[in-house]
Amino acid sequence: MVEKLLTQHNDIPGSHTIEVYRSLGGYKSIEKALAMAPEAVVDEVKKSNLRGRGGAGFPTGMKWSFMPKTPTFPDGRPKPKYLVCNADEGEPGTFKDRLLMTQHPHMLIEGMIVAAHAIGASLGFIYIRGEFVFEAKRVEAAIEEARSAGLLGKKVLGRDWAFDLVVYRGAGAYICGEETALLNSLEGKRGEPRLKPPFPAMVGAFGMPTCVNNVETFCAVPVIINDGAAKFASVGTERSGGTRLFCVSGQIEKPGIYELPININLKDLIEHCGGVLGGKKLKAVIPGGASAPMLSAAEIDVAMDFDSLAKAGTMAGSGGVIVISEDSCIVEVAARLLKFYEHESCGQCSQCREGSHWLARMFHRIEIGQGTAADLESIAGICSNMAGQTICAFSDAVTGPALSSVRKFRQEFEEHVRLQRCPCKPENHVAKHDHHASAML
Amino acid sequence: MIIDQDITLKMDGLRQHLPTEQSLLLPLLHAMQAKEGWISGDAIKEAATYLKLPIARVQEVVSFYTMYNRKPVGKRHVQVCTNVACFLRGADALVAGLEKRLGIHCGQTTADGRYTLNEVECLAACGTAPVMQINDDYYENLDAQVIGTIMDTMDRELSTHG
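For the protein sequence lines, the chains are H and X, in the order given. Counting from 1, one number per residue, gives the positions in the first sequence under our numbering. Counting from 442, one number per residue, gives the positions in the second sequence under our numbering.
Only chain H is shown next, with the shape it has when bound in the complex (with noise of 0.2 Å):
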């Protein structure tokens, strides 16, 4: 098994403070990226081939290179550059930068320092999603450890450079995981994603030039500095180098978060984790949280880096592989996860607002025994009006479990509409009582 370069100290007593994260050779990069140009270290992160780890899977080296060097107001005065952590984890099936906070805050925070010499930033944000109350204050106590350090403040390292950081927490929206929704929450309005362009490197947070990138990404960064980016680039592929922190969950025997080659193989990682839960054949598998297409039993001989699954027509996103066993019922699953999108849409944009809502409603009447053959063939219909045609990709993300359980499980859609029930369910089952779901039918 290869080694790994995050979690290595994962369970470590007291791996979140920062005497013993200084122990196990903790905070050693800033002083390399510091004695380096901020030039040179988006350099090195460019060559580690580092790509986002929150869903997009953008390059990271490039997206910091956008940031523009000496931005000014028009009067010539300096722009400030912010540096914000996307830690809104809110993608179904991923549970990692949970992990990284708990266990491993300053590695984020080491990491964040390390970025803002490379954009010259003066302030990070790190944006932690509401529910994370424990996360939030245990990654604030961390703030206030390296604050005592010398490591943030006014004079980092004693350096003519001042760089602070805060947390600002979220407040429940799974759509402020949309970087442009986050930046929009941070200044304490509604989480609505922005048009773009103007992009955040240019009108960003409170309309400053800023860069966001994941818990997991900012993690990366002292690895890449401490080793060199051609060690990180040597594990994965050649376009996407590095472990990835595959959270692995649903119907498996040893549900967790691993660290594996970005491109370790899907069917050798559900296999690492002991295989289908209780020895059952597998349906189906979500490999990149609850947004990425499903893949059918037949289809997981694939490559988990973003580039192979692409190829396969779904998506690497957060790394959140959801294993789906023949017990379940793919249409019940189905409806479940656009219950969900039908509650997050931001409702901005009617095509999403409404499109999610139909679909909703569809599944869930397919679900329970009172769909038709014409919903059936609604569905492709509802999703080409969504898809690419909105302010952000949320809209898309709704037609991935749309589209992929209806057009790879479409027997079993079938079945449901010819037999008025669900036929993984014994014949006299009542459905579940949903006021919500009831009301819309």
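Derived by calculation from the structure, the hints in this document are not laboratory data. It cannot be assumed that every hint is accurate.
Cut-off 25 Å, straight-line C-alpha distance, at most; resulting in silico cross-link-like pairs (DSS-like, lysine-lysine) [what the hints assert, rightly or not]: (1) Lys189/H x Lys516/X; (2) Lys541/X x Lys512/X; (3) Lys189/H x Lys541/X; (4) Lys451/X x Lys137/H; (5) Lys189/H x Lys280/H; (6) Lys137/H x Lys493/X; (7) Lys154/H x Lys541/X; (8) Lys512/X x Lys189/H; (9) Lys425/H x Lys541/X; (10) Lys189/H x Lys493/X; (11) Lys486/X x Lys512/X; (12) Lys79/H x Lys189/H; (13) Lys311/H x Lys46/H; (14) Lys311/H x Lys408/H; (15) Lys451/X x Lys189/H; (16) Lys476/X x Lys137/H; (17) Lys154/H x Lys32/H.
Treat the numbers as computed from the prediction; the structure is a model and nothing was measured.
Fit chain X to the known structure of chain H by using the hints.
Only chain X this time, still in chain H's reference frame:
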């Protein structure tokens, strides 16, 4: 007045970092809810006055985010994740069990004001599914028995401390 000295101090601390007054809104609402348990109409007006924002700016934020309770909740706010990973691990049966135990449906509060029960979307702890959150704390690797023990403890705590 909900915004007391503690909250004011907290906001003054954040002001050192946050570039605008409006950006204090989410932390302010969190602090007000931590004190009151929910965000009332009066709380919205008070927050608007404190941050010199139109009431509508505050109202639209309160209604956007699910964590801000727009009606009072019980002393223990039980939120069970029923999103896909928890669903695949039997969360629906756990919700049904809790509804039965508490004698309420999701979205309701017990008559004695002790418990509010809700389904919640993904809590990002899918590796230890099914999970629930009670007030600020996560409870993981749940099954009917574990939930029984947790709820018994809650019952005792509420009887002792009121």
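Cross-check of the supplied hints:
For the hint linking lysine 189/H to lysine 516/X, the alpha-carbon distance of about 29 Å lies beyond 25 Å, and the restraint is violated. About 23 Å separates the Cα atoms of lysine 541/X and lysine 512/X, which keeps this hinted pair within 25 Å; it holds. Taking the CA atoms of lysine 189/H and lysine 541/X, the gap is near 39 Å; set against the 25 Å cutoff, the hint is violated. Distance restraint check for lysine 451/X and lysine 137/H: the Cα-Cα separation of roughly 14 Å lies within the 25 Å cut-off, and the hinted pair is therefore satisfied.
Among the hinted pairs, lysine 189/H with lysine 280/H is inconsistent with the structure: their alpha-carbon atoms are about 47 Å apart, more than 25 Å. Among the hinted pairs, lysine 137/H with lysine 493/X is inconsistent with the structure: their alpha-carbon atoms are about 28 Å apart, more than 25 Å. Taking the CA atoms of lysine 154/H and lysine 541/X, the gap is about 56 Å. The hint is violated against a cut of 25 Å. Of the supplied pair hints, the one linking lysine 512/X and lysine 189/H holds, its CA atoms being roughly 21 Å apart against a limit of 25 Å.
For the hint linking lysine 425/H to lysine 541/X, the alpha-carbon distance of about 22 Å falls within 25 Å, and the restraint holds. In summary, the hint linking lysine 189/H to lysine 493/X is supported, as the alpha carbons are separated by about 14 Å, within the 25 Å threshold. Note on lysine 486/X and lysine 512/X: the hinted pairing holds, with a Cα-Cα distance of about 15 Å set against a maximum of 25 Å. Proximity of lysine 79/H to lysine 189/H is assessed by CA-CA distance (about 22 Å); at most 25 Å being required, the pair is judged to hold.
Proximity of lysine 311/H to lysine 46/H is assessed by CA-CA distance (about 23 Å); at most 25 Å being required, the pair is judged to hold. Proposed proximity of lysine 311/H and lysine 408/H is supported: the alpha carbons are some 16 Å apart, at most 25 Å. Between lysine 451/X and lysine 189/H the alpha-carbon distance is near 20 Å, which keeps this suggested pair within the 25 Å criterion. Between lysine 476/X and lysine 137/H the alpha-carbon distance is near 18 Å, which keeps this suggested pair within the 25 Å criterion.
Between lysine 154/H and lysine 32/H the CA atoms are separated by roughly 20 Å; this keeps the pair inside 25 Å, and the hint holds.
Checked against the numbered hints above, the structure breaks hints 1, 3, 5, 6 and 7 and satisfies the rest.
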